[in-house]
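Trainee: Generate coordinates for the entire structure from the input sequences, incorporating the hints supplied.
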Amino acid sequence: MHFTINGQSFDVEPDIRTSLLDLLREHVGLTGTKKGCDHGQCGACTVLVNGRRINSCLTLAVMHQDDEVTTIEGLGTPDDLHPLQAAFVRHDGFQCGYCTPGQICSAVGMLDEAAKGWPSHVSESLDDGALTDEEIRERMSGNLCRCSAYPNIVDAIREVADGARDERRVGEEAAA
Amino acid sequence: MTKRPDQPAATARLDASVQGLIGTALDRIDGPAKVTGTARYAFEHQGDAPPLYGHIVGATIGCGRVEQVDAAAARAAPGVALVIADDPRLVSDSASGSEDALPAYTREIGYFGQPVALVLADTPEAARAAAALIRIDYTIADGRFDPPALHDAADPDPPRPLIPNRSIGDVDAAMAGAAFTVDAVYTTPHHMPAAMEPHATTAWWEGDRLTVHTSAQGLSGTQRMIAGSMGVPREQVRILSPFVGGGFGGKTGVVVEAVLAAMAARETGRRVKIALLRRQVAHLVHRRSETHQHVRLAADAEGRLTAIAQESIVSQKPGRGFIEPVAFGSLSLYAAPARRFTQALVHVDLPAASAVRAPGEAVGSFGLEIAIDELAEKLGIDPIELRRRNEPENDPMSGKPFSSRQLLACYEEGARRFGWERRSPVPAIRRDGRWWIGHGMAAAFRGNFTVESRARVTLAPDGRATVETDMTDIGTGTYTILAQVAGEMLGLPARDVAVVLGDSALPVSAGSGGSFGAGSSGSAVALACQTIVERLAERMGVEPDAMTLKDGHAIAGNRRVPLADLLGGEALSVEGHATPGAHTRSVAQASYGAHFCEVAVDAVTGEVRVRRMLGVFDCGRVLNLKTTRSQMIGGMIWGIGYALGEEGVIDARTGQFVNPDFGEYHIPVHADVPHLDVHFVGEADGWANEVGAKAAGELGIAGAGAAVANAIYNACGVRVRDMPITLDKLIAGLPEA
Ligand code: FES
Ligand code: FES
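Residue numbers (this note's numbering), protein chains in the order written: chain U, 1 to 176; chain V, 1001 to 1737.
Since the hints were made in silico from the structure, they are not lab data.
Quick look at which bits of chain U chain V covers, simulated, 3 or more residues with Cβ under 8 Å:
#, segment
1, 16–27
2, 70–84
If you anchor each label on the Cβ, the simulated ranges turn out as follows:
#, chain 1, residue 1, chain 2, residue 2, range
3, V, A1652, U, M1, 47 to 53 Å
4, U, G117, V, L1082, 52 to 58 Å
5, V, Q1068, U, E134, 55 to 61 Å
6, V, T1548, U, V122, 53 to 59 Å
7, V, D1155, U, T77, 55 to 61 Å
8, U, D162, V, R1135, 55 to 61 Å
9, U, T4, V, R1065, 51 to 57 Å
10, V, G1321, U, G117, 55 to 61 Å
11, U, Q65, V, L1082, 29 to 35 Å
12, V, R1135, U, G163, 56 to 62 Å
13, U, T4, V, R1431, 51 to 57 Å
14, V, A1546, U, D162, 47 to 53 Å
15, V, P1425, U, E134, 26 to 32 Å
16, U, E134, V, R1560, 51 to 57 Å
Beta carbons: idealized from backbone N, C-alpha and C, even for Gly.
Mentor: Next up, the structure:
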């Protein structure tokens, strides 16, 4: 079978029982994606499939022929951090680091969902696009952190979200 | 703070902070590796040849005997390399103390999930599928699964407690003669450490030498127990644990998977990887014992305590030594002439109990700090004022002076920052729409210990330093703070200090646990640096005190010499050895704090939301403002979890946890946690250790949950004494909306 992970091609013949998570960790050597529960309960395994966040432990590898999978390794490197990765370091949005790749991939997906105007459980209305701290917390609640870096994670995401919004505004102004 | 003659000297250079590195909010130096997924944890160790995957098969009964095991179908299953079933090569339990080896395999089942077989296969899927084919026949016995039902038979004076039962004065007489009393029972349930990284090991042999990459808080005990279990000298065993995905006490010992991986690697000649499934973690790793706390307080009319008693009952599996030291944080918190702190023990057929973050304080603070809140209400005085009136002069247990104790400052600063004076002293007054709003506070206390620790510091010919120790960083920030200590002592920017941890081949450290890691391992680094400083001063031809080190240069008089020139092409390598030292016995040492919390309680459903929370702490010198603050918010959030959600529930028929995963064991999530404020008031405590840092990692949790509980009472007037405070316990008592 053929998989595209972080823009790279991989030919692997996984067991039909192999989860996408185990494909990444045990077959292609991308161990940045973590296994915290294997049950869809913790979010440590979050990756982006065709741009959307997904618990990779809850989906079988064989379902992802030709999908575009992005893992934490595809976002940035220690010498060239993704803005969210840099913000997590600056705000200490982690301690042990085990939930962190999942938090960051989830945040990438979440910011995109919010930008598209998708509401959450706490949204006041269907077209209220403000990404408040409460919205960030609600939308990130599938990503558990036992070290409990939550407030710092929110600060890190907030900084990037505000930055992204400002950039958009600058862009919009420029276009106007 | 004032220098005393018998204080360690090495703190002087840290106090001066010429490099400006110690205490700053430096980003974690291991941060980029963690946020990019390049930090490798135990199960992620890469080798040349494909590994074998192990799957542990556990007993599906909680008490009884294995009569027969049929593993034929598993052995014949595709992909299976080896099945070891009902076999003395297995082990029966994890170990978390001073054991030399893990307990041997036995057919007698003492807890649910006890290992009965191990399956090794080419893939995890094949191992797990084959494991499902193993048939185990049991004789089931009646197990002791329900601790409260056994309380009548509790041993009042169990052997080898962490804190011995203590009784001073006559509590009963004080209670009889008191103007005001509180006499109530408080309970906390089973808790799980539940680190996000499940326990995992990769093990391989090269000849008679074993390497075990595992997830451990302390390496030397891990090495001893694995070597003992394998029957080889410990010099032949190397433990690696450079990154640990959370510990919280759960990785203080050796869990079965590590020994089984080492054994299976020897049997097969292959690299073997075993990770516990999340639901196995709950059973094969220890729990924190549930507690039953009988608290009595007696006070005179002015609110001066005349007696404090906290008598607890906890549980343990037979043969295991740890007894949850419930009163640890209560012993020295308040003055009172009559004092009684005891622990009784019941034996149960449940997973072993052992240390989980802040043994004692994390749960004992619920009993004491809620009781103090109840007493304040009876007396009609503010809870902070009551605490002030009972602030002891010296340690009320030993009579020794405190090394440093900024508890009153924590109350004062916290009250000011939180706006405590706006709290209503009468419960169930304040409303915000459908929510009752309340405020509560509690004190935090965590004893400080320094544990023997070694570290090697090498100044390379180019003037850069490397710190090496077998210490671990379990998220606590060890990599970063050791770089800060070494950088400050040697006058180097953080980028010129490399820190190597988590390898048993390096000098033996205290390990991570008991909040002693930073102080102990930091002291070893400071001592090593101090010797290097003396040698550099010799080369400068001056006394060490006359030499300043900054930005890679030695400065004395009007000379400024690059370290590389002083080193003359040769490295300087020194091992530092920190020991508790004689001075630590002459004073009582602890960290302190005060938690303040605002909650909202839904007037109809009883749902509780924490709206804001503040912690003010005295933990001596803060080595890194950013990582220490993170430790505190982590602890405070654990307090929220203990107050509102966490509860390990045992099926009293089978002895298994019915909620052994994150779906049903409810740890806090993003939506449960507001912005948290943290503030530090402490100063370097030269009595504590060479770096002046007191216990931090567990301080944040002590009392945090009690502050939440007290705020809930203040909000809605319902006093819940059984944790966690779920809405079913509030709803019947809620005032008419
Ligand atoms: S490992 Fe996938 S959600 Fe926990
Ligand atoms: S950083 Fe440890 S679990 Fe989140």
